[in-house]
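One-letter residues, chain by chain:
Number of protein chains: 2
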Amino acid sequence: MVPLDLAALAAAVPRVDADARASAADLQRQLTKPVGALGRLEELSIWLAGVQGRCPPHPPGRPRVVVLAGDHGVARAGVSAYRPEVTGQMVANFLAGGAAVNVLARQVGATVRVVDLAVETEVPGAGAETTRHKVRRSSGRIDVEDALSVEEAKRAFAAGLTIVDEEVDAGADLLVPGDMGIGNTTPAAVLVAALTGAEPAEIVGRGTGIDDAGWMRKTAVVRDALHRARPKADDPLALLATAGGADLAAMTGLLVQAAVRRTPVVLDGVVSAAAALVADRIAPGALAWWVAGSRSTEPAQHRALERLGLVPLLDLGLRLGEGTGGLMALPLLAAAANTLAEMATFDSARITDRGPPRG
Amino acid sequence: MVPLDLAALAAAVPRVDADARASAADLQRQLTKPVGALGRLEELSIWLAGVQGRCPPHPPGRPRVVVLAGDHGVARAGVSAYRPEVTGQMVANFLAGGAAVNVLARQVGATVRVVDLAVETEVPGAGAETTRHKVRRSSGRIDVEDALSVEEAKRAFAAGLTIVDEEVDAGADLLVPGDMGIGNTTPAAVLVAALTGAEPAEIVGRGTGIDDAGWMRKTAVVRDALHRARPKADDPLALLATAGGADLAAMTGLLVQAAVRRTPVVLDGVVSAAAALVADRIAPGALAWWVAGSRSTEPAQHRALERLGLVPLLDLGLRLGEGTGGLMALPLLAAAANTLAEMATFDSARITDRGPPRG
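Protein chains in written order, with this note's numbering: chain H, 1 to 359; chain E, 1 to 359.
Some hints here could point you the wrong way.
Since copy identity is lost for identical chains, a pair holds within one copy or between any two.
[Said to hold, decoys possible] Below, a list of computed lysine to any residue pairs in the SDA-like style, where the Cα atoms sit at most 25 Å apart:
# : residue 1 : residue 2
1 : Lys232    : Arg141
2 : Lys232    : Gly197
3 : Lys134    : Arg350
4 : Lys134    : Ala349
5 : Lys232    : Thr345
None of these hints come from the bench; they were simulated from the model. Since this is a predicted model, take the numbers as computed values, not measurements.
For reference, chain H alone in the conformation it holds in the complex (with noise of 0.2 Å):
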């Protein structure tokens, strides 16, 4: 048995630092702008002085990307236009560096890591710090058994923990949790519905772009899933277990451990929102350490992170998943941190504040 105390860790989620955030604030109505001008950026430059403890912030300098990848034996329900063995296929691409999340990270310049916690094939080339938090091949059919047995899922959430050690102990100031696995927008359905009380309709997507067919399948699996998850929603890790996986136990891990290690999280799609809720069920304070990235096209998302309270920075259009909805936020936090730290100030540049209008 993996020893997990959920209500110890809970416990260590810290607080954001409210001095910092006050003056954040502060410096903000002193910049030569209008109070509010510069809208959500104002809103995020004190959120990053709250995570960093420090104003004003610095633009995040080892942002890392972590794709967490795993296959999900709904695949071979219909549910995805994709063949399961693309996900493998996708993190060789990943480590080749050309997918679509290599490209965001370079430009913006994070790293990215992925990490295999339940791929169904073998991956060449994948060396240790991809395979080393490996927890099975592929994930029970949600629909008809289990994702995980609860000792899979308690190693898969584990290793999330672990993974936030080994990055932030690496010199991380920020991460991104990405997804590859066929199919994990089911799981990610089945996860917000149960959480939310959603009917599966309501937040059933199209995930990679399947056909009215495949979402009345997917709609379906989701339904039938929903009624083995419902019973589990108040137990996370049993929740997990039964309608999850590896890939998403080990992101809700992943969420969590970063608020404990006071590493600011920016969320990417639909499958990092459903993390989210699981963690937000476990660690209710967690949530002051993240910003959600991108709305993308997947209504479970939008849910999700409307109970988190959550209101995405970009609205693109995005369905990918990867981290890259997380990462094409990246230049606003930057913009946010050099605002804040490089603007002159209404005193230094002598500029006559706002006065009555001379009429």
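Could you slot chain E onto chain H? The hints should help.
Then chain E, alone, in the frame of chain H:
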């Protein structure tokens, strides 16, 4: 008299490259992601290919912000939260590198030029690059008098053409029009109302942050100016003279000439959206060369962009102008170009393209 042949100018606007667009759309279908999964980044990559005439397009390498500064007589009518002398003070702030536009430009690899078209005060330290296109000091109070003479409007419009020539000849490969002028959202709202039929109350916003009484004064000013402007709605230069200003006239010229010079533009806030509406009347093909960077909080911007069929890439609650909303979109353009150019294809990465699920 400045000789200005608007019909010849309109005829000089080239079409974007349809072949490059088609090649980009085709290449998008081969990349290792579901078709459409990168959402608006895919559209943007196709747009960039069309305006650059090459596939894949490159990320803009020499983006240039041109901030067009001018004062407005209406600022003395209580339509702004700031005193008019702030315009000149902010121009000095731009020249010193301390404004938001400077900080954001540095971040995204752009440079900033500020041009004084009609600032009321002397700006200490402003050189010829800044002052050589100055048309007059401030502009008329448009609720009771014309902003400019028609001759001044032509000179300002022509300045916009010349500025584009100067910048493109110096190597700029993308332009972001920025604005600085206390009170400038008032003439922008009048232009939008005159060209869309909107009622003042539908499109008057809070500008730099006026209170309810200020909003009522501003709406009354817009109503009075609109009464004077509506008869000129079909004569763009007369309209700019009656209800615009030298900065707005120059920006209109800039937007047309950018298209003539095959140079893409990222629009900023409400001032550039109003100028774009006027420019579209002069040269209807020019808008193929423009994208909208950020949704501002000004309703007149929404109305203008809706009329032009342009959907902003970002919605961050910005209301600063200066070009900041345009600059924030540059990382998205880079992401669009980089993903198209650098991602592996299904063939090159030996990944199974979408096929029937195994069932």
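Structure-based check of each hint:
1. In this homomeric assembly, Lys232 and Arg141 come within 25 Å of each other (Cα to Cα) only inside a single copy, at 17 Å, whereas the closest approach across copies is 68 Å.
2. In this assembly of identical chains, the alpha carbons of Lys232 and Gly197 lie at most 25 Å apart only when taken from the same copy (13 Å versus 57 Å across copies).
3. Taking the closest pair of Cα atoms, Lys134 and Arg350 come within 25 Å of each other only across two copies (24 Å); inside a single copy the shortest separation is 60 Å, beyond that limit.
4. In the homo-oligomer, the alpha carbons of Lys134 and Ala349 lie at most 25 Å apart only across protomers (23 Å), although the nearest pairing inside one protomer, at 56 Å, exceeds that limit.
5. When the C-alpha separation of Lys232 and Thr345 is checked against a cutoff of 25 Å, the pair qualifies neither within a copy, at 54 Å, nor between copies, at 42 Å.
Going down the numbered hints, you'll see the structure goes against just number 5.
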